[in-house]
Amino acid sequence: MSESAPTSGNGNGKAKGKLAIYWAASCGGCEISILGIDTKILDVAAAFDLVMCPCIADGKVRDIEKMADGEIDVCLFNGGIRTSEQEYMARLLRQKSKCLIAFGSCATEGCIPGLGNLHNRQEIFDNSYTSETHSTENPDNVRPQAVTEVPEGKLHLPIFYDTLKTLDQTVDVDYYLPGCPPESPRIWEAIEVLLSGNLPAKGATIGENTTVCDYCPRTRKNKKIKEFKRTWEVIPDDETCLLEQGLICAGLATRAGCGALCPQVNSPCIGCYGPNEGVEDYGARFLSALASVIDSEDPDEIDEIISKGIPDPIGTFYRFSLAGSLMRRGKRPAPAATSQ
Amino acid sequence: MAEKIGVYVCHCGSNIAGKVDVEEIAQWAGENLDDVAVSRDYKFMCSSLGQQMIEDDIKKEKLTRVVVGACSPHLHEKTFRRACSNAGMNPYLMDLTNIREHCSWVHKDRSLATEKARALISAAVQRVKHQEPLEPMYVDVNPATLVIGGGIAGLQATLELADAGYHVYLVERLPSIGGHMAQFDKTFPTLDCSACILTPKMSEAGQHENVTLLTYAELEEVSGSVGSFKVKIRQKSRCVDYDACTGCGICVEKCPRKVLDTEFEAGMGNRKAIYMPFPQAVPRVPVIDQDSCIWFERQKCRACEKLCPTDAIKFDQEDELIDIEVGNIIIATGWKPFDSKKIPQYGYGRLANVYTSMEFERLCNAAGPTNGKIVMRDGKTVPKSIAIVHCVGSRDDRHNPYCSGICCMAALKFGHLVLEKTDAEVYSFYIDMRTNQKNYEEFYQRLLGEGMRFVRGKVSEVTDAARMPTEQGKLIVQCEDTLIGRQQRYPVDMVILMGALEPQEDARELGLKCGISCSMEGWYTERHPKLDPVATMTDGVFVAGTCQGPKDIPASVAQGAAAAARVAGMITKGKVMIEPIVASINEQACSGCKICNNMCPYNAIEFIEETETSRVITALCKGCGTCVAACPAGVITGAHFNNKQIFAEIEGALWDALQPAAESSSQAETVPASAS
Ligand SMILES: Cc1cc2nc3c(=O)[nH]c(=O)nc-3n(C[C@H](O)[C@H](O)[C@H](O)COP(=O)(O)OP(=O)(O)OC[C@H]3O[C@@H](n4cnc5c(N)ncnc54)[C@H](O)[C@@H]3O)c2cc1C
Ligand code: SF4
Ligand code: SF4
Ligand code: SF4
Ligand code: SF4
Ligand code: SF4
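Those sequence lines, one after another, are chains V and X.
Quick note: the first sequence uses our numbering, first residue 1, plus one each step.
Quick note: the second sequence uses our numbering, first residue 1001, plus one each step.
If you're looking for bench data, these hints aren't it; they were derived computationally from the structure.
Heads up, the beta-carbon is just placed ideally off N, CA and C, and yes, glycines get one too.
Be aware that a few hints might be false.
[Claimed, not checked] Derived CB-CB ranges, DEER-like: (1) GLU297(V) / LYS1230(X): 20 to 30 Å; (2) GLU71(V) / GLN1588(X): 36 to 46 Å; (3) TYR1138(X) / ALA204(V): 36 to 46 Å; (4) LYS226(V) / ARG1456(X): 35 to 45 Å; (5) GLU1612(X) / ILE41(V): 56 to 66 Å; (6) GLY330(V) / PRO1344(X): 31 to 41 Å; (7) LYS226(V) / GLU1612(X): 17 to 27 Å; (8) GLU1612(X) / LEU326(V): 38 to 48 Å.
For reference, chain X alone in the conformation it holds in the complex (with noise of 0.2 Å):
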């Protein structure tokens, strides 16, 4: 029996229609292509009117296929499917064919996206004949989550959970949860001090009874999907028994091995070999760090051994593997520095008093290895001016077109610090100032009136090449103050460089073992940016903070605890569905020959050894096609993507080629047989 096809086009306003003539292809379709038996265009097919057309048609006109032209899947696949079911459709013989992004964004000749939507729309008509219904699949929703990263986004999100009773692994690759907030000494725009907001909540997930804390670990590898995900996490070797440790720090104090701590104190303070990494580390145990030990580079040394009181330390410890199961996974593993080295013109690293923004947060830090005392490399001598350099690494094409967004603010709050601590004067060598927080504008205003002073600018360089007496013995800071329009040279005793926020190293490696990808710099993609900033294309795996792209401490919580409401939504649910959209084998024919068996990046393949064939594991399968495409026997197939779909779909999109009726199959005039 032939298909009853209705096809909708739609305006997008004027989205759509502004680049592609939608009234034009809806007539179109509706006159020249098989089996349409509707074909309408309307302004926002969306729309709860838009949609009713579609429910309406299909009761009335009896329509078994629909095919809708509008924007991506990712936006409205679901829309259109709901659609089609509430009218009693399978809601898989719906076809949404991208005409949006694929068309009339993207290109600018009006009759040329115009051919584009109309090959697309003739794809998807050819296609939708070949669609099959499918079922949807439910899974039970494990009420476990893993959080990935405990700062500050990461703690907010484990605590609403706990809070709400239910089961979190908090995973912290450090040896102490915290943080980059646990760095700093105060906070703007409010200038609280940072551990007194930061540590309660740090031990409150320690003693949590929902929570079970792991911390010098990482993750190793995510099987699974959403609801019931499988998770292996690498314990690494602390060197030290975690339950016997009483947290004394015995062994730290007499640790003789000191060695520079480029992590916490960023490099401006020391640490021992066995080592918590500030004095409020949660949890209180320390960590031998095996490449600086003692007894691990010559067999010396056992002094925390001997002195430990409950025999903690052991040398022998191994990595651990722990596998645990979880329904959702939180990914909020941050941000790291931008490495000030790359702008050599600034002089970081070969002039001694240019400091990172990290170092002087540790700098000015009560508890860090100053006390708090602002003073130069030398230790003593307090400075009597500073220069804090805007934007480095931030909005600048050879290194990250972004804005940091917090840079600014942390400049003003180092001023304000600055100004509190010593008679200084403090310049903001700044290109716009970005204070567009609650409170931060007036912040800004503050420090205008503390006397901070102010260079719309760039700068292009920082120096110790004097070229009068004034600039003698100085940092000089090269900059052109574009309000006055002129260079202009300040010769200052300090200069803080507020180095960009960039993505982790690893975040694309994390990224791809929990099946989410990243922006070109390396920040997570959200579901979409504005109305599901939290969620991804991966369902059930959610991420909070700055891992997400730069952004501060409240935004952080902000979306730590969004994702935390995102997951405890699921979970009381208590099942989620699952696209049917899967792979199968055909395990009759299937030959055995295990090409298939290493590809699956969700390692939904197994190799049963009796009948010597392979087998998807439906519940594991995210239907990619990647074995699909692999197996030389053809004996897998992609539901949703078979063969007669593809192929339907390639000879609609071609279907002005396919016009002409074919030329006769002889190649040449035919002769009669010679004689036999």
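Excised from the complex, chain V in its bound form (with noise of 0.2 Å):
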């Protein structure tokens, strides 16, 4: 074992803590970056027993259905909720464990699973289901349905939600971890402030509370810019701010954990990790933030150089954080039919 080993673990005589990891609507990643703590991971299996992470290791719903209230010590949920079995899953494992963490940007403002809420799901499902997307081959235009009868009976698909929720938004949230995904010394970090039994404030997000650009060695000058440009569009230098050279860099508005990775390797950040603490709605910080700066008083110039730099709003200030934000969705279209 390591030195840093946690104190709490069953080499201390302590009964083994119980741990939880589950995904909702999410990609996998979050599960990757877990593992990417490497040998560390020795250390978790000493301090816990992982009762469920559908990802690794077997692991029974109705298992955790029978186990007492409380009785997990801490679950890492990542995912947004988008279906009716992830807000099972999520109240279910809401009430089983003692500390529910929001793990990750999709659980904790919804991330790309989150720009689905632009949509509904009538227009979600044509899109994936009709024939004419080159990748579909749906000649009977078969959908989904909640209920389906077979001879044997009938089969159940959980419903899928027209909007995409993140966690807290669905069940009580104890702590956040942003990042798409934690970054994971950033989760290793996170383990040790459980394990010291340390614990913040409820509701704290694990991490830090300054920006990206703390962290990103490039120097500042004079943030005025008079022409937004695309990645593709310039080789940047590597010593200057990216913003300042015209790109949009996000590193200014969203939270540090990453080490600044992309603005290191000369590609400006996305905003992965979330808002900055006590920050309302990301993607609005980073507008005005960005609107600050443009170097013009001429509404037709900054109209210019505003349709021209940055042809996709949502993509550049909500990637991440539409179904967290204060708008949560676009603009619903008058109620469609139901039936799934």
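The two chains are supplied separately, each in an independent frame; assemble them into the complex guided by the hints.
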């Protein structure tokens, strides 16, 4: 065991804790990042019994259902809530866990799956199941149904919701761990915090309270921008702040935690670590900061700078945070037929 | 611990109660809003009885927060803060919400106005719970004052303060102080010689031990705030060594280059390339107009340099930036004349003998280009008839909606001067005769007696197209005489257009530098039009004279003196309170991205190189919130306007939308998870 091994492991004679890791609307990257803590995983295994982690271990929902309330010590929950099954699991794990952690961008702010909130279920299904998309072959126009009658009886599929919700829009959350995915060293730091028993106030984000720029070695002089450029348009120099070179770098608005990985390899930050402490709406913050540095007083010129340089405003400002933003979703169309 | 909030809804006589059901709202707030311990309505909350009511409640009911629904915070925020202070409550735990300007004065429908007032009261109640006690800060008042503009208003302010023993920096953009008054011959209604009453004040200001005169200079930049402004002045290059020059005037006399003087002589006379605008100019130090000087044009001449007995001519002199520190600023930048060419049907610029009023001032001035002889453009013919057209560019929606206030009187003054100096007939074409100051109406009666003719009507055209033999070679003034209801044509030799007083071209820009705003037209906005006419919304910045709106000399002088008195009051007090409503940066969390660095309109943000973080210089911050909104990391907090307070306020305003208990968060009935 390494020197930094937790002291509350069974080596100390204490009972092992119970850990659950669950995924909802997410990509699986969070699990990979957990495995990325490398040999420290052994320390985790020493401290906890893994009662559930569909990605890497066997585990049954009914076993969880049988547990006493609060029996699980820590649940790392990644993914947003898009279906009834995910909602059920969120509620179940909330009930059974002492400490529920919204893990990763999907759970904390909706992330890429949350961009689906620009559309509704109907549109998403149309896009996924019509034969018109190149990758789809569905001549009978089969759609997923919540209930399907088959000779053997009824088959159930989870209901697909119109709107993806973040974990804390669904159940009460104790702590947050941002990042898409959270960086392995930050995960280990968070686990150390949990093991230390020295817990932060409920509702806290376990991490930094500054932004990526703080870790970015690039020099900053003067933020006055006449033209936003897209990444393929320039090869930036590797000394100066990327934003000052016209590239929309979200490092300003994005919580530190990654160590400024992207800007250090000449690529602007895209904001995967979410808003900084105390910021209510990531996109609005970032937008108003960028608006402040546009170097023009002339409305027409400003329009030009914006329309040329920011062709995809939602993707630029709300790529990770749409579902968790004040808006939560795009405008709802008139209610459509609800059958799945 | 829950707060105990007192809510007070003001009737403002019938100002609010006429459109808003204040009694019902007060009752509603008491019954429906959480933590409201007392809720009352009252006729005049700002009266001493209203204030007493708040004070008594704070003491008796142990209130911890106060909400007043009344008028604009501009008017009475201080009043109610003071009432809270008197009762021992931190004044920043009070919120004044404006249900007068925002509700009763702008809405017609009583029930809608009432609903809006209800929303505002609810918003204030939610907000006030999150307000935090703040402690006011005090700064010393620098006893020096900056006066911008050396017209009569600025001169008066300067001398009042200088005589009271305080230092004044007087900055004038032209080569000499004096302003427009220096161009006049006589002043209405007393017909004092303008120069005789003005020049003593000019030379007093020029020689006063407490006055630093900076002429041919302009304001470059202002930072800081009341009590301690830092000001940068650009001293334009005169090409003359100010200290070496004795004002002998040899250079001016010998300079071979004559140019049209469009400033002081209003285009009626000439000056040299090196010039003093007029003989009594203060200071008596000429300037070289680099646009007309032969040396700057083609490196020839240097006559002035050769002949100057003190070697004062310095062709390579450069603009100089002078830094000064003052506690207060008085702006007295005056007015500019309306461009009469904007009304082409009056013929100015096209018909030779149509004059602007400022041209005519120079024409009848004894020290003017004709030595005061009233002659036509040919320089010799004495006019036999003169028409004076009122309201040119004033009271005219296409140009300026306002009355310039002084031109009726100036027209009467011109009438008198013409009748005194010539045998010409004088017609005044007026819409209304505005003579409502002391001795003005008497002056009008006097002119009626002197034989000036008055035609009531708006002139539609001035033309030289004759229709009758009697009109041949004349200017014909076409006007409907509204008293007899007939269109008339008046053939005359000369026409004078009484152009409007307009704000200076750069009024807005200068206002911005000093942090004050202008009306739509460009006149500076006073703190209160009736009760605080020389103060502005920016503490320590005052306005005086015509830059605040058209007015005559007596009123300009009165404002100059009033502004000086206000400044003297501040200096005597020694310290001023500055609002603790300022921004602060959590330097631990600041990433040093520098977004905020160029943002602050008051230059209150500095970047600390060692820590690579930004910092707000509290004494300079005005709490405008610009940086708070701009910081992408959200690490700048605006005291009294933090996120919690603003979100609570929004939720309070939307109280009715939030009423029905939020529907269950589940989006559909939950189906059991499929078997695993
Ligand atoms: C034809 C005519 C006749 C009039 N006759 C009379 C009369 O007989 N009696 C009477 O009572 N009133 C008369 N008036 C009104 C009178 O002109 C004004 O009341 C008076 O000039 C106001 O003085 P002031 O100091 O406010 O402005 P001004 O006289 O305009 O002085 C302002 C000064 O500020 C300077 N300045 C402007 N901008 C700047 C800047 N950015 N930086 C530095 N300096 C600056 C200007 O150069 C000027 O010297 C007359 C007006 C007109 C049009
Ligand atoms: S490149 Fe990006 S992360 Fe680096 S300083 Fe500039 S804005 Fe910040
Ligand atoms: S050098 Fe210029 S200012 Fe001097 S005398 Fe010649 S023209 Fe006049
Ligand atoms: S003072 Fe007389 S001339 Fe001047 S704008 Fe007013 S009404 Fe017209
Ligand atoms: S709030 Fe910010 S931008 Fe505004 S004055 Fe203060 S420091 Fe400057
Ligand atoms: S904008 Fe915010 S994070 Fe950036 S330098 Fe200013 S205070 Fe720091």
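Checked hints:
no.	hint	in the structure
1	GLU297(V) / LYS1230(X): 20 to 30 Å	holds (25 Å)
2	GLU71(V) / GLN1588(X): 36 to 46 Å	holds (39 Å)
3	TYR1138(X) / ALA204(V): 36 to 46 Å	holds (38 Å)
4	LYS226(V) / ARG1456(X): 35 to 45 Å	violated (58 Å)
5	GLU1612(X) / ILE41(V): 56 to 66 Å	violated (36 Å)
6	GLY330(V) / PRO1344(X): 31 to 41 Å	violated (55 Å)
7	LYS226(V) / GLU1612(X): 17 to 27 Å	holds (25 Å)
8	GLU1612(X) / LEU326(V): 38 to 48 Å	violated (31 Å)
Violation of the numbered hints given earlier is confined to hints 4, 5, 6, 8; the remaining hints are satisfied by the structure.
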